[in-house]
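Engineer: Chains as they are written, first to last, in numbering that gives the first Met the number 0: chain A, 0 to 320; chain B, 0 to 381; chain C, 0 to 315.
Among the clues, some could well be false.
Residues from chain B that face chain C, not an exhaustive set, calculated with beta carbons under 7 Å [as the list claims (entries may be wrong)]:
{"no.": "1", "residue": "Phe-144"}
{"no.": "2", "residue": "Trp-147"}
{"no.": "3", "residue": "Val-312"}
{"no.": "4", "residue": "Phe-313"}
{"no.": "5", "residue": "Ile-324"}
{"no.": "6", "residue": "Ile-339"}
So these bits of chain A aren't anywhere near chain B, every CB distance computed over 12 Å [as the list claims (entries may be wrong)]:
{"no.": "7", "residue": "Ile-114"}
{"no.": "8", "residue": "Thr-294"}
{"no.": "9", "residue": "Arg-307"}
If you are wondering where the hints come from, they were derived from the structure by calculation, not from laboratory data.
Think of the CB as a built atom: it goes at the ideal place given N, C-alpha and C, for glycine as much as any other residue.
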Amino acid sequence: MSERPVLAVEDLTMHYSIKAGAVRAVDGVTFSIERGQALGLVGESGSGKSSIAMTLLRLLPDNAQILRGKILLDGVDIVPLSEERMREYRWNRISMIFQAAMNSLNPVYKVGEQIIEALEAHLESAREESIERVRRLYDVVNLDPGLIVRYPHEYSGGMRQRAIIAMALACEPDLIIADEPTTALDVIVQDHILREMRSIQAELDMSMIYISHDMAVIAEVSDVVGVMYAGKIVELGGTADVFHSPIHPYTRSLMSAFPSVTGKKRELGTLTGEPPNLLDPPEGCRFHPRCPYATDVCSNQEPPKVRRGNHWAACWNPQGE
Amino acid sequence: MARYLIKRTLQILLTLFIFLSIVFFLVNAQPGDISHVYSLNPDLPPETRAKLQDLFGVNEPLWKQYLVYVKNTLTGNFGVSFSLYPRTVADVIGERLPRTLVLFLTATVLSFYLGFALGKIVAWRRGGWVEYGSTIGSVTLYTVFTPWFALMMIWLFAFRAGWLPIGKFLDPVEWREAPTSANAVFNQMIITMIVLSVAIFAVFLFTTRKRVAGARLIQAGSIVLTAAVVAGVWIASGVAHLAWDIVEHMILPVGTLTLISFGGAMLLTRNSMLETMREDYVTAARAKGLPEKQVRDRHVARNALLPVVTSFVFSLAFAVDGGIIIESVFSWPGMGQTLISAATTEDLPLAVGAFVFVGIFVLVAHLAADVLYVYLDPRIRY
Amino acid sequence: MAVSDSPPTAPRSLWAVRAALAARSFKQSWSMFRGTRIGIIGLAIILFYLLLAAAHPILMNTVWDEKIYDPVVGYAFDETRQPAPPSWSHPLGTDPLGRDVLSQLMYSARSEFMLGLLAALITVSIGTTVGAVAAYFGGVVDTVLMRLADIMIMLPGISVLIVLSALIGVEHFELALIIGILSGFGGTGVVLKSQALSVVVKPYIEAARAAGGGPVHIIFVHIVPNLLPLSFLYMMFTVTGAIFSEAVLSFLGLLNVRMSWGLMIHTTESAGYLLQVGEYWWLIFPASLSITLLCSSFYLVGRSLDEVVNPRLRRS
Chain A
0 MSERPVLAVE DLTMHYSIKA GAVRAVDGVT FSIERGQALG LVGESGSGKS SIAMTLLRLL
60 PDNAQILRGK ILLDGVDIVP LSEERMREYR WNRISMIFQA AMNSLNPVYK VGEQIIEALE
120 AHLESAREES IERVRRLYDV VNLDPGLIVR YPHEYSGGMR QRAIIAMALA CEPDLIIADE
180 PTTALDVIVQ DHILREMRSI QAELDMSMIY ISHDMAVIAE VSDVVGVMYA GKIVELGGTA
240 DVFHSPIHPY TRSLMSAFPS VTGKKRELGT LTGEPPNLLD PPEGCRFHPR CPYATDVCSN
300 QEPPKVRRGN HWAACWNPQG E
Chain B
0 MARYLIKRTL QILLTLFIFL SIVFFLVNAQ PGDISHVYSL NPDLPPETRA KLQDLFGVNE
60 PLWKQYLVYV KNTLTGNFGV SFSLYPRTVA DVIGERLPRT LVLFLTATVL SFYLGFALGK
120 IVAWRRGGWV EYGSTIGSVT LYTVFTPWFA LMMIWLFAFR AGWLPIGKFL DPVEWREAPT
180 SANAVFNQMI ITMIVLSVAI FAVFLFTTRK RVAGARLIQA GSIVLTAAVV AGVWIASGVA
240 HLAWDIVEHM ILPVGTLTLI SFGGAMLLTR NSMLETMRED YVTAARAKGL PEKQVRDRHV
300 ARNALLPVVT SFVFSLAFAV DGGIIIESVF SWPGMGQTLI SAATTEDLPL AVGAFVFVGI
360 FVLVAHLAAD VLYVYLDPRI RY
Chain C
0 MAVSDSPPTA PRSLWAVRAA LAARSFKQSW SMFRGTRIGI IGLAIILFYL LLAAAHPILM
60 NTVWDEKIYD PVVGYAFDET RQPAPPSWSH PLGTDPLGRD VLSQLMYSAR SEFMLGLLAA
120 LITVSIGTTV GAVAAYFGGV VDTVLMRLAD IMIMLPGISV LIVLSALIGV EHFELALIIG
180 ILSGFGGTGV VLKSQALSVV VKPYIEAARA AGGGPVHIIF VHIVPNLLPL SFLYMMFTVT
240 GAIFSEAVLS FLGLLNVRMS WGLMIHTTES AGYLLQVGEY WWLIFPASLS ITLLCSSFYL
300 VGRSLDEVVN PRLRRS
């Protein structure tokens, strides 16, 4: 495939500066997504997954700075863009499904109105057309179009999440970032919604980034998985490769923290220790203080990339094989 | 909704009843009860005294007096003022209440409008001297000793500069040859004000609801047009200079009051904005690529408005109460002045009447706040 | 020979544990409070006026002649014209009745503090009890107390004080009592009740109940101590309200007090010097500025305590 990737992130580094120093939330992250592909980012909370999402939309608080790297959206680097140009990219090219559907709808406006608002910010269309479009979007996400004129508090949790998805689809963006899209929902609704998202994505040939701490969710929806630890991607590869033959010890321990229903019986591994303090992350491999396979070299030198086909991990002591 | 309002109204009526009872027993608890004051007052001719004694049922037992008192209060019969004899309390209040209301309505609306507008901007651009300066200024205005501040305003703008009258409601010299009474002119002014604000409000509502093109132009045009019509009508009426005299007397107290409550309104808006800005739907609005101004006004400010509205209605409710100081310093003959002079001259019927009225006003304002809240926050459905 | 085993640690009483905890949280709070800056400014102003108040009796007994410097009945025989402008012997001049303004100012500071403290104590005692009782018992008790609070909140405070001052003679104590009742049964009570509600559901309350603790025991030993930080915060705001009300009432001449900052301005007003701020600034500025400063200092301390007590307001 020689087609240009929809999104290519190169060496992205973002810090928050707080009183105590710089929090290295995103550190030298590189990945790319082809058209129609779904990338899953998985990791513990505080590993920088959501920070990446916010950086891609350039929705960072005042104390955050993008220090290095490029975010190439269809070949255009959006890091140096002015705020006004960036505004045109938001939602139109990259949209987002937020973590807390409950709180990402403004309680004082009708839900339909909030979708139309996004449409009107980017498209020159008459109001009737916009309403018609919201109607079709509601169809796509299996919501009753009668709900368009209802307020968020009149929706159930699942309905809200569907409305948020409809909203994210509104401007037919190239890329949708879904940040913990189903965490707040119960398991059955969660499953339904994930399946729908998957089929909508295939139908519209969109690219997606799923962000979750839940391996099961990521495994279900993504083609490619990136495992994040302490602001870095430590392992990246096809979903089947990463989950069936993980290279990085961190990925292995994450895997073993989840029981497998179909697999053979095994000890549930537990990850000891705390995730590192990003104000002062460990030297060398950031995972070494918690790593059962750590050697001397881990604690003072950056680990090299170990490649197995399209699947790589940054580790001194690669596992498996 | 209807059920809630009925419930709330009943609650407020109960509160009013308890309030009236407290007033009654406070008045009766002191040595030399209300009947004594009446019958000993030498200003009263014997027949009036007899009538009043009859009216108040002085010789009846306490509980019967209480019933009579409640009945009289509810029918608007507060008795006759001592200090302004032979005017009835209801008559005095009927004259003074509009003066207070106009003063405070204008000042409260102005201060909240300005406070909200500035608080919005200050919260949006955190840091820098704008935020620092306006916060310091607001805290100062919020905590300053009001009479002193009012005095300084009088001293600066009326005494030193001589731009505005020092106090009072009107200038007697201007009115010596006046064809009508001050009350008549003032009532006309109130009607004008109501018509004007309803018209402008209607235009604003219409243009924003219907998304008419060139809304700004229509709004500005309508303001100019209504203002011109009103000015024309007033000039034709021939009492425009008298109305202007009253307006001149209003500028300083309204300005002072506006400044005093402006500080609180701005601080509240700022804090409420800062809190709302952390909400997820604000991030979502930004992510949608909405223009900054739209995020600020439609998403942050609209939600930050709720506590400000509550505070607005509360300050309206307590306008008469808090305004006592301003009215006293500016010798503005409103309810507050009336209450003070009644208290200092021991004009008991007037003091109690004014007090009960202030209480009723507060209760009604609370009810209005509840209704407004339902309109502003769709989540509230009782 | 070493002592073989240490004696079993004496069971420390609940209050000792609490005192230790309080000391620790005080240290934490203090360092947070220090970071707010506005709180420090407020505290500095309060300290300044405390010093003024404390210095007055000392000066009266040493340097100042009682006949001249008494704040109420003194007369500045050394001045030919009253009110006299500031001089070495009268740093803030004299008032229209020939009394030393500085002496009045210092004398009044003490009564302002007494009034503020008294009003705050009454408010908070009532408010804490009301809050704890309403939260603990719930049901009818709660309903009655909260309806009462509604009424108190809706009462127009200054008007009430004015009417009462016409009906009964109001002095400092009565003023503090009225403010305490209005605020304690009203706003402060409601806030403390919502705080108490979060205490009532804590497991240790259930444990105390299971151990046979009666309502009085639970309310005053387990609930009330947990309300103290918030009560302390509300004391600050009550002080501001009390000083302000006192100043307004005595400015209007409705209060029976010997001397106060409000009364000083009242005296100026009745002598007709009110609008001659330019020439007779010492008759208006010291008292007015003192009222403003002391009111705002307690307000500032309250605001920064609010940031300490209320994590929602903390800056990230």
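Engineer: Okay, which hints does this one fail, numbers in order?
Structural biologist: 3, 4, 7
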